[in-house]
Amino acid sequence: MLIINNLKASIGGKSILKGISLNVKPGEIHAIMGPNGSGKSTLAAVLAGREFVEITEGTVTYLGKNLLEMAPEDRAKEGIFLGFQYPIEIPGVSMVNFMKTAVNEHRKHKGLDPLSASDFLKLMRDKKELVEIDSKLANRSVNEGFSGGEKKKNEIFQMAMLEPKLAILDETDSGLDIDALRIVANGVNKLKRPDNSFIVITHYQRLLDYIVPDVVHVLYDGRIVKTAGKELALELEEKGYDWIKKEIENNVVS
Amino acid sequence: MEKDQDKILSDVTTGEYKYGFYSDIEMDRIPKGLSEEVVRIISAKKNEPQWLLDFRLKSYRHWLTMKMPTWPNLKIAPINYQEIIFYAAPKERKNPGSIDDIDPELKRTFDKLGIPLQEQKHLAGVAVDAVIDSVSVKTTFKETLAEMGIIFCSFSDAVKEYPDLVKRYMGSVVPYTDNFFATLNSAVFSDGSFCYIPKGVRCPMELSTYFRINSANTGQFERTLLIADEESYVSYLEGCTAPSRDENQLHAAIVEIVAEKNAEVKYSTVQNWYPGDKEGRGGVFNFVTKRGMCKGESSKISWTQIETGSAITWKYPSCILRGDNSTGEFYSVAVTNNYQQADTGTKMTHIGKNTKSTIVSKGISAGHGQNSYRGLVKVLKNASNARNYSQCDSLLLGDKCGAHTFPYLEVDNSTAIVEHEATTSKIGEDQIFYCNQRGISTEDAIGLIVNGYAREVINKLPMEFAVEAQKLLQISLEGSVG
Ligand SMILES: Nc1ncnc2c1ncn2[C@@H]1O[C@H](COP(=O)(O)OP(=O)(O)O)[C@@H](O)[C@H]1O
Ligand SMILES: [Mg+2]
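Chains as they are written, first to last, in this note's numbering: chain A, 489 to 742; chain B, 4 to 485.
Warning: the hint list may mix true and false statements.
What the hints assert, rightly or not - Straight-line C-alpha distance at most 30 Å; calculated DSS-like pairs for lysine-lysine:
| id | chain 1 | residue 1 | chain 2 | residue 2 |
| --- | --- | --- | --- | --- |
| 1 | B | Lys170 | B | Lys49 |
| 2 | A | Lys596 | A | Lys513 |
| 3 | A | Lys718 | A | Lys639 |
| 4 | B | Lys474 | A | Lys596 |
| 5 | A | Lys502 | B | Lys429 |
| 6 | A | Lys610 | B | Lys474 |
| 7 | A | Lys718 | A | Lys734 |
| 8 | A | Lys624 | B | Lys474 |
| 9 | A | Lys598 | B | Lys474 |
| 10 | A | Lys680 | A | Lys588 |
| 11 | B | Lys429 | A | Lys639 |
| 12 | A | Lys610 | B | Lys463 |
| 13 | B | Lys202 | B | Lys429 |
| 14 | A | Lys588 | B | Lys170 |
| 15 | B | Lys429 | A | Lys588 |
| 16 | B | Lys384 | B | Lys403 |
| 17 | B | Lys49 | B | Lys35 |
| 18 | B | Lys463 | A | Lys624 |
| 19 | A | Lys624 | B | Lys429 |
| 20 | A | Lys734 | A | Lys506 |
| 21 | B | Lys474 | A | Lys588 |
| 22 | A | Lys502 | B | Lys403 |
Claimed, not checked - Here are the in silico distance ranges between beta carbons for each label pair:
| id | chain 1 | residue 1 | chain 2 | residue 2 | range |
| --- | --- | --- | --- | --- | --- |
| 23 | B | Thr426 | A | Asp622 | 26 to 36 Å |
| 24 | A | Lys680 | B | Thr361 | 33 to 43 Å |
| 25 | B | Phe409 | A | Lys733 | 52 to 62 Å |
| 26 | A | Lys596 | B | Asn462 | 23 to 33 Å |
Read the hints as simulated data drawn from the structure, not as lab findings.
Here the structure is a predicted model, which means the values were calculated and not measured.
Quick reminder that beta carbons are idealized off the backbone N, C-alpha and C, glycines included.
Just chain A, same shape as in the assembly (with noise of 0.2 Å):
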């Protein structure tokens, strides 16, 4: 599905990811954790194609394809899908309306017609019952005024809606209480196929409680210090990331 090789990059000449490679198969969840200001987004963005993070060595290939020379909205339409830290308000802008230009959009890059208005709105009406998101969010400009937990719900909706073979959530769990935690990990659970896969990007361990991970990493400082199963998570739980700023001052890590 995806194989990262040796990626790094800066942002304005400060070199942030230091080397990371990842392989991502399918119907997997990985999952990345690591203390604030290791990269972890930054490696969300390169994925997702943001253009001010540049690249200085190292390959990404997402479906056999070469995915750096990828534009991002073709990523998009390729089944990738980030959910956003920071989800951005669009005002003016009817989630209805943007949502129907994302799903069109997907759906003539396969080859396929429009969405009527009727067959678009019963999506819209399931995928909101999946994810068991409030339905007058719908009706609102695109997280205008949403609180921090249902702009999060909302990065799952879409998620939903568009149904991506790679999802990247980034932080999704945080600032989330333990209900719309639930909610998100439910989400992702009930879209868990054996083709599809996720990466998800976590600071804490307790969203790990409800999305079991295959693969957990610990990226610490741009490059990928630790890789194990889930219990890894665990350990960290315990005993904190000083644990393994320790181990690697110590030079033991493998």
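Following the hints, put chain B with the ligands in place on chain A, whose structure we already have.
Coordinates of chain B with the ligands only, in the frame set by chain A:
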């Protein structure tokens, strides 16, 4: 990040003007330049009665004493009136009025513009008066409307067939002395539309005038007069385009509206004159005087404008609220892209008691465009309980463009309530990227955002044109972010 935004912006601001073609129609043109002789020639070409020639001459002589005003926030190269052709008309065929006798090239021109000259299919609910350069070439649905007593014809025909109505109302809202360009128009106007809705009649279809400048070096000076008698209703729409040319072309029009007791007039404009090229060469100078008089009690005049074209736009569709309980409205979206400049707004003059006015102005600037809102709300001494609400929003795409607001208030009655709100916002790179990440191209993202921003105004347009206006907004910003 800056660099990235610049690239995006420079891309969306380079859309092409889709109506820039020129049609090779056989024309009757008079020599260029302006003089009393030219005024007489125009009048003679149109076989006008003496009273109209007198009106023109009086206007011309007054114009000679006037200077072009300098108060608008616009940079305008000097205009040489001796280089302009003041009258150009498609050569007459044997039997004007019959669709078969219209120059086929002319028919093709309007087909290309999507304006049907045949009373037919897709715009069946709309009656059209088509004006090319100086004359009206065809008015559709005239007979259908006549059965209800509605007069909808070219201004020239109205002068011949309804001289009393024309004499009574022409200049009653925009006097010939009004301003530099209105006075010029009063001297040299060539054609335009005339419309009269009799007492108690609701006009069953949209009336529309479609203006096309075709000839080179030709000024367009049309005049529209719209009279809504007591208890009547009409919705009227004007559209306009012009070929792409390197030199500037002058358009100085007048629209006068009179609404009698309980009458309602909706006047919508989709202005898409040639805006000039990306470097700011060419484009139409659009200097227009539009004013409505709410003459009778409880009358209402509503202006809606989508201004996407012209190199320079200078217009203030206004309402004189003379009747008690009358209402004036102004809804505007003005786009300036590349090197376009717009100084537009409205003037609401409250004279009667309990008069209400609403102003919603949405400016959109991209490229090097400059957009100014200029509005005057004036409440006279006897206008007790006058109400005004004004909202002026500006949207900026990029950092080379500008938005300015000049709201003026003159209130002479202490019971008046006037409110003014203003906002300025930018389309952020983050917003565009958010859309991109959902599979929406930058161009479509801008379309979505701009149309969302302008929705309140677009919703005021007759339904048939709202969709067109949305597309036009998107096209006119094509290339300004990309
Ligand atoms: N737009 C930006 N401009 C400059 N520096 C940035 C930008 N975004 C992130 N950074 C820097 O990159 C580093 C990694 O940030 P980020 O990827 O957001 O970390 P994380 O998501 O792991 O908290 C930080 O030092 C941050 O300051
Ligand atoms: Mg982050």
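Sort out which numbered hints this structure fails and list those numbers smallest first. 13, 14, 16, 24
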